[in-house]
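Heads up: the protein sequence lines correspond to chains A and B, in order.
Its first residue numbered 93, the first sequence is counted upward by one per residue in my numbering.
Its first residue numbered 24, the second sequence is counted upward by one per residue in my numbering.
Hint data in this document are derived by calculation from the structure and do not stem from the laboratory.
Accuracy of the hints is not assured; some may be wrong.
Pairs of lysine to any residue, SDA-like flavour, derived with a Cα cap of 25 Å [claimed, not checked]:
hint, chain 1, residue 1, chain 2, residue 2
1, B, 39, A, 96
2, B, 124, A, 160
3, A, 94, A, 175
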Amino acid sequence: MKLNMTEQGDIVTISIDEERMDAHNSGDLKEKMLQLFDEGKCSLVIDLSAVRFIDSSGLGALVSGFKNASAREGNLKLCCLQPQVRSMFELTRLHRVFEIFTNQDEALNSF
Amino acid sequence: MSREVKVDITVPNQTKYLGMIGRIGESIAYSLKSFQGNRRELAYHINLVLTEALANAISHANEFDPDKDVRVLISASDQELKIKVFDQGLGFDIETLSKLKAKASDEGGRGVQLIFKLMDKVRYLREGDCNVLEMLKYLH
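Given only the sequences and the hints, what does the whole structure look like? Please build it.
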C-alpha cells in the first residue's frame with residue numbers, strides 16, 4: 093500500500109495513496125500505524141481522499157488504529173472521505189466511532 | 024435472443040485479485056440498463072460483496088493455500104444478478120457468521136454481515152467437490 097506521511101508537531105498525517113483499501117493491502121496500514129505507536133506517535137490523521145473503495149478489512153485496519161491510539165492516550169481521526177466510502181461508515185455505524193472531517197486542516201486543528 | 028450476461032472466471036487463491044474481480048462486478052452492474060435504482064450504489068455494493076466473498080474464500084475456506092483456485096460466476100438478467108463464489112476448502116458455517124453482530128470496537132467480523140445486508144438471498148452450498156457461496160440481488 094502506498095502511504096504518504098507528513099508530521100506537524102505531534103500529529104502524523106497518513107495519506108492513503110490507493111484507490112482501494114481491501115484485504116490485500118490493509119495489513120500494510122496496520123503495520124505502519126503500529127510502527128508509529130512504537131515510536132510514541134499516537135496522534136494520527138488518516139486522509140482517505142484517494143480511496144474510492146473500502147471493504148471490511150480496510151474498516152478493520154482503521155478500527156485497529158483507533159483502538160491502539162486510544163489505548164496510548166492518542167487519537168485517530170479521519171478526513172476527506174469520498175461519498176461512497178462515507179456510506180460504508182454509515183452502513184457499519186462506524187461513523188459513530190470515528191471523528192470525520194471534510195479536510196486535513198479541520199482534522200489537524202481538532203487536536 | 025438471450026439478454027443474460029454471464030462471466031465465469033477462475034483466479035489463483037491470492038488477495039491481489041480482489042480488485043480485478045470487484046471491478047468486473049462493478050462494470051456488470053453499470054451495464055444493467057433495466058435497473059431503475061441508483062446504479063452507482065449498486066456497482067459499489069456488487070464490488071463489495073464480491074471482494075468480501077472472495078477474501079473469505081481465499082482466507083477462511085482455502086486457508087491461503089497457493090495451490091488452490093477460486094472460481095467466480097456472475098450472471099445478470101433483467102430480473103436478477105446472481106453471484107457464485109466457489110472454494111475448495113472445508114467450508115464454514117455461514118448461518119452462525121451471519122448472526123454474529125460486530126461491535127463497534129471489533130476489527131473483524133463485518134464481511135459476511137455486509138453480504139447479508141446488501142444481497143436479497145444468500146446461501147452456502149456443497150456443489151460437487153466445491154463449496155459455493157451463492158448471492159442473489161433482485162433488480163426489480
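Compare the distance between the alpha carbons of residue 39 of chain B and residue 96 of chain A with 25 Å, and conclude whether the hinted pair is satisfied.
21 Å, holds
Keeping to a limit of 25 Å between CA atoms, is the pair of residue 94 of chain A and residue 175 of chain A held or broken?
22 Å, holds
Measure nothing beyond the straight line between the CA atoms of residue 124 of chain B and residue 160 of chain A; if it is 25 Å or shorter, mark the hint as holding.
Holds, at roughly 22 Å.
The structure meets every hint from the earlier list without exception.
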